[in-house]
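S.K.: Could you fit the two chains together into a complex? Lean on the hints.
Here are the chains, one letter per residue:
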Amino acid sequence: MQIKKSSSVYDVVIIGSGAGGGMSGYVLANAGIKVLMLEAGPFFDPAKDSLQLKWPYESLRRGGNATRPMGDFDAAYGGWEIEGEPYTQKDGSEFQWFRAKMLGGRTNHWGRISLRMGPKDFKCKTAYGVGDDWPITYDEIKPYYDKVDRLLGVYGSMEGMENDPDGIFLPPPKPRLNELFVKKAATGLGIKVIAGRGSILTAPLPGNNDRKACFYCAQCNRGCKIYGDFSSSSCLVIPALKTGNLTLITNAVVREILTGADGLANGVSYISKDDMQEYQVMAKTVILAASTCESARILLNSKSAMHPNGLANSSNVVGKYLHDSTQGGAAAILPQLMDRKRFNEDGVGSLHLYAPWWLDNKKLDFPRGYHLEIFGGMMMPGYGGYFGFEGVTVPYLNGYLPGPDGKMKPGGGYGASLKNDYRRFYGTMAGFGCHGTSTAREDNYCEIDPTVVDKYGIPVLRFRYKWNTDEINQAKHMQETSQAVLKEMGGISLMQPKGPESNYGLDKPGKGIHEVGTVRMGDDQKRSPLNRWGQAHDCKNLFVTDGSVFVQQSEKNPTWTILALAMRTAEYLVDQRKKQNV
Amino acid sequence: MNRRESLKAIGIGTLSASALMASCKIKPTEDSSTNNESVKDTTGRQAFEIVRDKALLKETFFNSHEMATITLLADIIIPKDSHSGSASDAKVPDFIEFIVKDEPEHQLPMRGGLRWLDVQCLNHYNNDFKDCTTQQQTAILDEIAYPFKASPAMQPGVAFFNKMRELTAIGFFTSKIGIQDLGYMGNSPGKWEGVPEDVLKKYGLENV
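Protein chains in written order, with my numbering: chain W, 1 to 582; chain Y, 583 to 790.
This is chain Y alone, in the form it adopts within the complex (with noise of 0.2 Å):
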């Protein structure tokens, strides 16, 4: 099936349609360009792997909408709360910009995925994701969020949902600010004597 028919498929009419079309046609810009860290401790980098962390970095991938519903998105499976900030906050979306130029098999997953959630809410919603409203926003992401409770129709969405929050997770919770959140404690020179007594004693582990 092309794209063509699953947008008849789906109902939507010739003037919707071809404004999507139009939208599909948005050149990637350079606002949308990531503000990842230079490449410039290559302390023991093999010279292959500078020269395509460079071009990696000068690429973009993600048009300006696409950016700003990732942004959204991620900040919705991670918000901030009272123990750590959100998504955006550890430049999430710069890492999934990344990721999916150095791992290129997420690019159609993504980009479609996110295709077929502004096609679903411009169905219902007659907007995309991001101008819906919360409300809205909600409805649709409880019916891909949830991939054992999800109804067959819904399937492409919970693939994409869970690629976006797999991504989300990873590029929060190896940030900064995610390391800290966890409560990881490693990484720092030191002496490993084992596990405290007093954990060891919880569980029942002392004589083990």
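One chain only, chain W, in its complex shape (with noise of 0.2 Å):
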């Protein structure tokens, strides 16, 4: 086996070609900056790859997720286990890592949800008592979510909520019947209800001729095919190969960036899935943008004689501060929607209605809070998926409601009168997730694993991160407004109660998708291994811009805040290269 190395040095290269990859590519291509990007999956483009509008039984498996955990059609390639590539955990811990192997990574199939962090979501420590405060404040970077919101496009409503920062909206789209129900109970319950904000073009983008507006199929999970949601892939990769100044590499598996004796980063080796042969490819900077996780794991994995606890870690903190969102939340079924009347519903494939945080901590148990994302409506019946069919639950609820003719009958059944029941049945769930804050805590984290390598032989992720008792009572005051909100809309709640022995619903740690912080930013190098800008203290022309790069999450979903520090980062490494300071 021999090494292959380049005889090029690019100006940039980055690793990674999701939100944080995609962005910073976005940027130094289109500020004349000849980049190269490495993607460890596949390439992977929504126009021509997307599952857009195949009907269930065009899937074997009619829309079952055997291959893809979140059915036959979603976009990502990867799930929450990958053959070959396992990751571990310590003391019990059970977080749960999922992993997009394809150019736009994640983005290809998330839930489009782009919510801004507030004021306060910034200085956390100042305003809540707990977690760390940001080096940065909401002032800084709003310039960067408006440039941001112009370029990709995002809907939703001006409501001048101080720690839920407008933007630059599109319209937003109207509700679906069964989500006005729960706005009506919410909002009854003194819950304020408003328009959801996602990155879904429901009118043309101003100066944007390579995609086209929404047709309201409800599947952006799937990818779209006219580019009508963002996705890295779409919306950032591909345009920037375009320019001619981004040379793409796809199923290169980054083993380690390359150091020289300065110290300082000159390249990158990986493996190519394609030939399973070594490659070096030499770079002036590195942007690292491989995941939150990824990119703790290529730091950590990256040792030399002049950064021998990994790249960027002198202060010991890479892989640490590991948080996820809190999850939890209810669905039920609205006795009164039996037999509606049908109409097209599908809607947008993101939220078309949701609940910002609304109360006041100094009243409650645990710190910082949760939001509602509201669902419901005729969906395209499918096995797998988000939401699966309600239809299974039939043959459990039948025997609680009357019957055409009014009379009762057991629950259960079959023939004429069950295969009327699913009819009837059918479009009638609603509910909501919650996804809220957990605070980034240096106990929580991931290490490299001593002992355990991937196929590459690449020495893998360990796990340790374990709820604690905020998060636990936020699960609970969870339970309790769901609880509260489908008695409101008068529903038939699909899920049990849990107790305190199942942390009253909470969800395992990484399952809300959304792990941020082990590569965390801040002034003292000490504690923090990037500074403000994203740069590496140890390393100068060390750059990370992925969800690793956040201090303390917040209950907003971190995708738009993702694209706006790599945006930040990325002006900077122009602005630095000008000044010839890296």
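Treat the hints as calculated values from the structure; they're not laboratory data. Quick caveat: nothing in here was measured; it's all calculated off a predicted structure. Watch out, some of these pointers could steer you wrong.
DSS-like, lysine-lysine: derived pairs with alpha carbons at most 25 Å apart [what the hints assert, rightly or not]: (1) K409/W <-> K731/Y; (2) K407/W <-> K784/Y; (3) K784/Y <-> K184/W; (4) K636/Y <-> K54/W; (5) K142/W <-> K125/W; (6) K407/W <-> K662/Y; (7) K758/Y <-> K54/W; (8) K184/W <-> K783/Y; (9) K5/W <-> K34/W; (10) K225/W <-> K174/W; (11) K273/W <-> K636/Y; (12) K783/Y <-> K341/W; (13) K622/Y <-> K54/W; (14) K662/Y <-> K712/Y; (15) K341/W <-> K758/Y; (16) K784/Y <-> K341/W; (17) K48/W <-> K636/Y; (18) K407/W <-> K731/Y; (19) K147/W <-> K579/W; (20) K773/Y <-> K48/W; (21) K174/W <-> K783/Y; (22) K225/W <-> K773/Y; (23) K341/W <-> K662/Y; (24) K123/W <-> K363/W; (25) K192/W <-> K174/W; (26) K192/W <-> K783/Y; (27) K511/W <-> K90/W.
M.R.: Structure follows, in structure tokens:
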């Protein structure tokens, strides 16, 4: 075996093509900088590769999830487990790690929920007394949020809420019927429900001819053939390729970042899945955006004489402060919607309605909060996917409600009567997910497992993540809210309330797929690997632009913030190159 | 408890038990293979998925007796009515044959459950389920099709029928016939302008 070394030296090599890597590549390529992008998975163009508009019967498994955890049409190549690429756990931890190995990464299938963090979210310790403050303020990042809104498009409504800042919005989609029931019930309980905020083109995006406006199939998670929603593949990397300044190598699994005798980064070593050969590429600057946990892994595996504890890790903080959203929720059948009138209720494939966090923590036994993501409607029947098929519940619920003749019958059954029940219950489900804040803590982390390597011989991650009392109390509150809203709208709950033995229904860490924080920024280099620009304190020509840079997440889904921070870091790099500082 | 013990426990004599054993040895035959759609369109599929689908389509899990019973049960669960065809019209048995290979956790409950049902029928009516009279079939199904009122002794049958009913419903309502029956009107490009006025009015949600 020999290592194939490239003779050319790129200005910048970017590891990863998701939200952070895609935005970095887009900004740099458009600034005329010669960029090489390495992606661990295959090329993916939603225009060609999306399974949009396929019917369930066009899938052998009717949309089931045997090979794709979110259903047979979901765009993500990967999942919770990937053959030959394991991760391990420590101290009974059950962290779940979702990886999508493909151009654009997880942005191909994500929920398109595009929220800005607010002023208090950037000053968590000051505002709420937990976690740490970011080294930057909302006002510093606001111009980048604005630019991201204009570049990529996001719908929403102007609300003027202090910690849920408005953006530059396209018109929001109207709610579905079931969602209106949730809104009415939540509003009655004092919960303010507003239009969702999603990166879907509900109107043409000014100045952009490559993307078309949404045609309302609600299938964003399959990827959009007309680029009507935001994916890093369709909206950032493919346009960056057209500049001629970005070179893309797919199926390139990065082993480590290489450094010289001066301690600066000078290239990247990777293995190609295509030929299983080892390669090295050289660059003046390295941008790491492999995803929160993968980026920590690459840094920790990049050991050298100058960086014996892993690259950018003199602080010993890389991998620590891993945190994901808390997640709970509820779903119910609404009896008043039995035998409802049929119409095309697909809408968009993101949120129509949501409820930002609405309470004052001073009166509660946990800090921070959570929001409600409301769903429901006459969805395409399918096996698997996010919601599955409410029909599965019919034989358990048809004994609770009178039949068309007004008479009760025992639950279950078969034959014409049951067949009719499936029709009657269709489109009666409504519910919401609760997504909240977890505080970043030093003792929730990923690290290199000293004994396990993957099929490429790369040492793998080992996770240690436990929810604490604050998060469990928050989950208890989520459940109380859920039960109250379901009761208010007269729904039949599809879930039994959970007790303390199962953390009140709190999902396992990682299941939110909002993990951030492993390579955080901060002014103090003893406590943070990166400075306020996402530049490594220990290695000035190394930048990080994915979710790992977060000091502290909020209950807002992280992607829009990752994009804004990545744009800010890339523009800073362009400026620093002009000043010849890197 | 192994199978021999269970047969003894429910009182099947030597003769019928050995007949059962013999029927158990029937090899899967070609005629019970399914006519699932071939895997022609590989757009957006990963290489390992294409290979896996092809391999699964070549395998046969259920034997012809099991498939006949599945078809019968599926059509009892979802019969033809004035709105739409039956489960077998929608090729539900083919779906069930595929999905138990795709999701192998269904295999044991389905095979064992079908066997449990046949043994019950043999015990009571001296026939396999499929060869029982309609009245006899109804009688046994009525003991396992209502989970909240079934007797403790019938619980294995309840568990089987729950699964059979669920797979039948999924197979039917994700087929072209079933989707039309439900009245799903989406998956077609258009403009979403919200819930129609008359519907909002019906539920008193005009101002929400």
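S.K.: Looking back at the hints listed earlier, which ones does the structure fail to meet?
M.R.: none
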